[in-house]
Amino acid sequence: MYDTTRTESAVSQQDIKISARNVQVYYGDKHALKDVNVDIQDKTVTAFIGPSGCGKSTFLRCINRMNDTIDIASVKGEIRLDGEDIYDRRVDPVQLRAKVGMVFQKPNPFPKSIYDNVAYGPRIHGLSRNKAELDEIVEKSLRGAALWNEVKDRLAEPGTGLSGGQQQRLCIARAVATAPEVLLMDEPCSALDPIATGQVEELIDQLREQFSVVIVTHSMQQAARVSQKTAFFHLGNLVEYGATDDIFTKPQDSRTEAYISGRIG
Amino acid sequence: MPLSWALLASLALAAAGYMVGRSRAFASAGADSRTLHSRPTYHGMSVALLALIPALVIMVLGALARMTGLLSAEAGGVVGLLALGAAVIGLGIGVSRINAGFMARNAVEKIVLGFLIFCSTIAIATTLGIILSLVFETGNFFSQYDWRAFFFGTEFVPRFEGNSRLGVLPLLWGTLYISFIALLVAVPIGLFGAIYLSEYAGPRTRSLAKPVIEVLAGIPTIVYGLFALVTVGPMLRDAIAQPLGLGSSASSVMTAGLVMGIMLIPFVSSLSDDIINAVPQSLRDGALGLGSTPSETIKQVVLPAALPGIVGAVLLAASRAIGETMIVVLGAGAAATLSLNPFEAMTTITVKIVSQLTGDNDFSSPETLVAFALGLTLFVITLCLNIVALIIVRKYREQYE
Amino acid sequence: MTDMPLPQTGRAGARTKGSLLQADSRTRRRNAAEKRFRAYGVTAIAIAILALVFLLTTIIRDGASAFRQTYLSIPVTLDAEILDPQGNRDVAEMSRVLTLGYGRVLDAALDRSIGSLELNIPGLSEGDVDGIVSREASAQLRQRVLNDPELVGQTVELNVLVNGRIDGYFKGRVTMASAERDSNVSPQQLLLADALAERGLLVTRFNREFITNPDASDQRPEAAGIGVAIIGSVYMMLVVLFLAVPIGVAASIYLEEFAPKNRITDIIEVNISNLAAVPSIVFGILGLAVFINFAGLPQSAPIVGGLVLTLMTLPTIIIATRAALKAVPPSIRDAALGVGASKMQSVFHHVLPLAMPGILTGTIIGLAQALGETAPLLLIGMVAFVREYPGGPPEGLFDPASALPVQVYNWTQRSDPAFVERASGAIIVLLIFLLCMNLLAVYLRRRFERRW
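Just so you know, the protein sequences line up as chains A, B and C, in that order. Residues 5 to 269 in the working numbering are what the first sequence spells out, letter by letter. Residues -8 to 392 in the working numbering are what the second sequence spells out, letter by letter. Residues 422 to 873 in the working numbering are what the third sequence spells out, letter by letter.
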């Protein structure tokens, strides 16, 4: 399980996967995200928490440039992935998103078979040279998403026929199959029942061994359960960032404390 | 026109009834008009309607009877008098009904509701009218002309002196050939146009291009027909058909198909636009989030998801093309030929309906009646296409609602 | 524990680590495909726009000249001996003199005034001189004299229509070369026309008669106008307006607000959406079978055309009206019901007024569709050649008339190329009507658009 011997001070520069400096986001005239600075570590689960509309999802969507698809959004500042500015003019967002995968709030399987859903990413990015390799990727990803045993006999059935929790794990498998380095999850459990939520949380804990996972969540309990680092956002500001245990037990900022104790949000 | 006088008189009676009813209501309420169940205007209306409706019914029945020859023209005056009498009696009954407790509003609303129901059955009546008139006259046609010769005949040569050959196959072939070319033009252009406008274009391009395409939809088909006849036909003949030795006729399958294709572009594009927009954004996000390019997202996720809807739209467009008349009348020609050459003049079901039913018609000859059989064929084909398309589109919408 | 992740051993799924700043070859290839795909979209839009521009420019190019017409101004002596042999200026007596007599008067006037110009055109025959005016000119002169018998015996300055070929010469349709091959016009006549134009006797000016005149026969394109067609179209629109709108709105109100959800309502709804897609020519067959053959209404009458177009427009109006009613939020209905209004009152006092802009927009678009419709009108005899203006409504609705789009069709069936110009001109008028209606619809939508 989690390597508890590693402490905050022991994190070396190499472990930083994503570093954001002075990130500002505007939706038209609205200043949605103000001056965010944060370093996100590799092979760690980082949780973004905060009341709705605080900018946590906005920031998440900046990390793989999904905000590009919204006409009125503009992003300023600098986000580096492995030291490379992802908003550099030379960066192709398509290539970036292959490295930084995303799982969305609502399960959104494509109206294709389970197999084709998972194989979609490897196909467009050319990760397999033949059918056997593709089969291998699909199986590995479905196992990785703890779904293989449930679906291995019906890979040709449509992904939309699965239950909500299965659909979300399928979406995770789909993202994992693309072999990303970072996995972004935008409230992945908000549409799921408690049992499915438990399965997905367990999965997130396993995914940490391969990826840097960033999860946006509404639920403080969930953040406490799955994450090692937590960032608290409020009204577009990154208020506090630190080890999850510290944030929940001895918050530095009065706003963080108010949120955690249930007075705002 | 005694009926129009009767109509005016009944209207005047109704107006008078309204005034009388209203004042009677006030009078019966005494000092306090709040004791009335309904507002005085409703009392007035109930009297007016009671006077007007029986009169109108009698007049309409009388007019129908005269049209169908059950009544002579002189009987019109009698009908008018009868109607007027009914109006007076209705007025009397209406006025006598008035008292403080009379539920005039409910009575009026019942009548209005009846009118609303009547209006909504007119659509059904229209369909029935279409089916009955087509089936009846087609029956007449088949009593004079062998149905096998109609459905399997490969020649369509009507002759006034009789002994015509009236096979539907060459017309069906021309219709389908032209529609096929039209769809070949309209579907790619309309679909790509809709994709571009809904997935790529900025708000400025969209606000410019969309109205232009809508203008294309608002142009009457006769304009497209003239365009085919005067401009496109001669152009195709001089530029392609004659140099290649494919024919020397300005009217051709290609002319009509091309112009009809242009006409169908806005139809296809607005239907596809609706359908593409119904695909949830979350699917696009899912694909983009995995690192697919927008075109990969469209080709591999949006279009497959929208496919049933698009198939429905294409079927609707096909039904439009098959039923289109003016473009083929002016652009396709009049000779019924079975040929593969798209630069040859061919003709369609609709063209022959027009040519057999314009001018002096003799409704006992098969040459005229064949138009009804053609009409029935056309109606059945387009109806099937429409029903299938509507079912597909409806299923598709439910899937994403 | 079969669900545990497999160890990352196989090569499958592995990615070569590269810098984000450099697109790898696969990404470059995919981006090229992306550009191509976009180009297809741009091309499709461009084709659609070009087709529209091409269509409109050809129509305007062909039709603009219909609004200009060439006239010859000459003094005509209205010879009393020919036109009023009895000499009592009695209109009944005078109307026995047929158009032929007026033709002789006109010919004499032409010969005199052109002879006096002393033009030297070799090979110009007397027939050539007489032939430059329209055959319609003598009929117009007769009409004028019969309206005002006192003109007989006087010499009046007249503006007479010239022959369509001469008119075409000034519009560039007829050239010297084409006149050589044309039996209807000779090069000498064109030379004469040039000479007359030089002296200012032959002028091309705005053609008001095109809008007001009735149709003219095959041989007289120069006199043909769209007056009867416009009246016919207006009458039909009135019928549609007075029938389709109340019936359509009433049906929509019932279906949207009152109808119970049952099989019958379902059938009506499916029926309406199917009716909207029935080919228009089928409505023409219905009109012919029911209104003309069965009910015995007259052929070519605007009332029949109006009835057919009403049935055709109803589905459009019903669909638009139902959408407008659906857009009114249920809270409005609840509010009215909550203060004790009956269901009927809540609909007529609150829902209907709020839905009105949407209903109007849909109605105008339905009317515009009906105005441009041609095929069903062909079957109910609107193609007939009609020279007489219909009477005033309501009786005039039963008189024969034409309709704008049918008039266009009619002219396309004639051999003289001058009728192409007339047909295109009529289309310009039709398109202007449609444009106005659509602008009105857009204006109403913008002005009253409400968002809840």
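The hints are simulated quantities; they were obtained by calculation from the structure and are not laboratory data. Some clues are possibly wrong.
To be verified - For lysine to aspartate or glutamate, the following EDC-like pairs were computed, each having C-alpha atoms within a straight-line distance of at most 16 angstroms:
(1) B:LYS201 - B:ASP265
(2) C:LYS764 - B:GLU190
(3) A:LYS103 - C:ASP445
(4) A:LYS103 - A:ASP197
(5) A:LYS34 - A:GLU82
(6) B:LYS290 - B:ASP276
(7) A:LYS110 - A:ASP120
(8) C:LYS747 - C:ASP837
(9) B:LYS290 - A:ASP120
(10) A:LYS156 - A:ASP120
(11) C:LYS747 - C:GLU690
(12) A:LYS156 - A:GLU140
(13) A:LYS110 - A:ASP197
(14) A:LYS38 - A:GLU82
(15) C:LYS747 - C:GLU678
(16) A:LYS110 - B:ASP276
(17) C:LYS592 - C:GLU809
(18) C:LYS456 - B:GLU190
(19) A:LYS47 - A:ASP75
(20) A:LYS103 - A:ASP120
(21) B:LYS290 - C:GLU455
(22) C:LYS764 - C:GLU677
(23) B:LYS101 - C:GLU678
(24) C:LYS456 - A:ASP75
Here the structure is a predicted model, which means the values were calculated and not measured.
Do the hints match the structure? See the list:
Between LYS201 of chain B and ASP265 of chain B the CA atoms are separated by roughly 13 angstroms; this keeps the pair inside 16 angstroms, and the hint holds. Distance restraint check for LYS764 of chain C and GLU190 of chain B: the Cα-Cα separation of roughly 44 angstroms exceeds the 16 angstroms cut-off, and the hinted pair is therefore not satisfied. Taking the CA atoms of LYS103 of chain A and ASP445 of chain C, the gap is about 13 angstroms. The hint holds against a cut of 16 angstroms. Under the criterion of a C-alpha separation no larger than 16 angstroms, the hint pairing LYS103 of chain A with ASP197 of chain A is inconsistent with the structure, at around 30 angstroms.
Distance check on the hinted pair: LYS34 of chain A and GLU82 of chain A sit about 19 angstroms apart at the alpha-carbon level, beyond 16 angstroms; violated. With a C-alpha separation of about 14 angstroms, the suggested pairing of LYS290 of chain B with ASP276 of chain B holds against the 16 angstroms cut-off. Annotation: proposed proximity of LYS110 of chain A to ASP120 of chain A is violated, straight-line Cα distance about 19 angstroms (limit 16 angstroms). A hinted pair counts as satisfied when its Cα atoms are at most 16 angstroms apart, and LYS747 of chain C with ASP837 of chain C does not qualify at roughly 53 angstroms.
Restraint check for LYS290 of chain B and ASP120 of chain A: satisfied, since their Cα atoms lie roughly 14 angstroms apart, inside the 16 angstroms limit. With a CA separation close to 13 angstroms, the supplied pair LYS156 of chain A and ASP120 of chain A stays within the 16 angstroms bound. At most 16 angstroms may separate the alpha-carbon atoms for a hinted pair to count; LYS747 of chain C and GLU690 of chain C meet this at roughly 15 angstroms. A C-alpha spacing of about 12 angstroms is found between LYS156 of chain A and GLU140 of chain A, which places the hinted pair at or below 16 angstroms, so the restraint holds.
A threshold of 16 angstroms between alpha carbons decides the hint, and for LYS110 of chain A with ASP197 of chain A the separation of about 12 angstroms falls inside it, so the pair holds. The suggested pairing of LYS38 of chain A with GLU82 of chain A holds, with an alpha-carbon distance near 13 angstroms, which does not exceed 16 angstroms. A C-alpha spacing of about 9 angstroms is found between LYS747 of chain C and GLU678 of chain C, which places the hinted pair at or below 16 angstroms, so the restraint holds. A C-alpha spacing of about 11 angstroms is found between LYS110 of chain A and ASP276 of chain B, which places the hinted pair at or below 16 angstroms, so the restraint holds.
Restraint check for LYS592 of chain C and GLU809 of chain C: not satisfied, since their Cα atoms lie roughly 29 angstroms apart, outside the 16 angstroms limit. Between the alpha carbons of LYS456 of chain C and GLU190 of chain B the distance comes to roughly 14 angstroms, so the proposed pair stays at or under 16 angstroms and holds. Note on LYS47 of chain A and ASP75 of chain A: the hinted pairing is violated, with a Cα-Cα distance of about 33 angstroms set against a maximum of 16 angstroms. Under the criterion of a C-alpha separation no larger than 16 angstroms, the hint pairing LYS103 of chain A with ASP120 of chain A is inconsistent with the structure, at around 20 angstroms.
Distance check on the hinted pair: LYS290 of chain B and GLU455 of chain C sit about 11 angstroms apart at the alpha-carbon level, within 16 angstroms; holds. As the CA atoms of LYS764 of chain C and GLU677 of chain C are separated by approximately 13 angstroms, the hinted pair is consistent with the 16 angstroms bound. As the CA atoms of LYS101 of chain B and GLU678 of chain C are separated by approximately 15 angstroms, the hinted pair is consistent with the 16 angstroms bound. A threshold of 16 angstroms between alpha carbons decides the hint, and for LYS456 of chain C with ASP75 of chain A the separation of about 19 angstroms lies outside it, so the pair is violated.
Consistency with the previously given hints fails for numbers 2, 4, 5, 7, 8, 17, 19, 20 and 24, ordered from lowest to highest.
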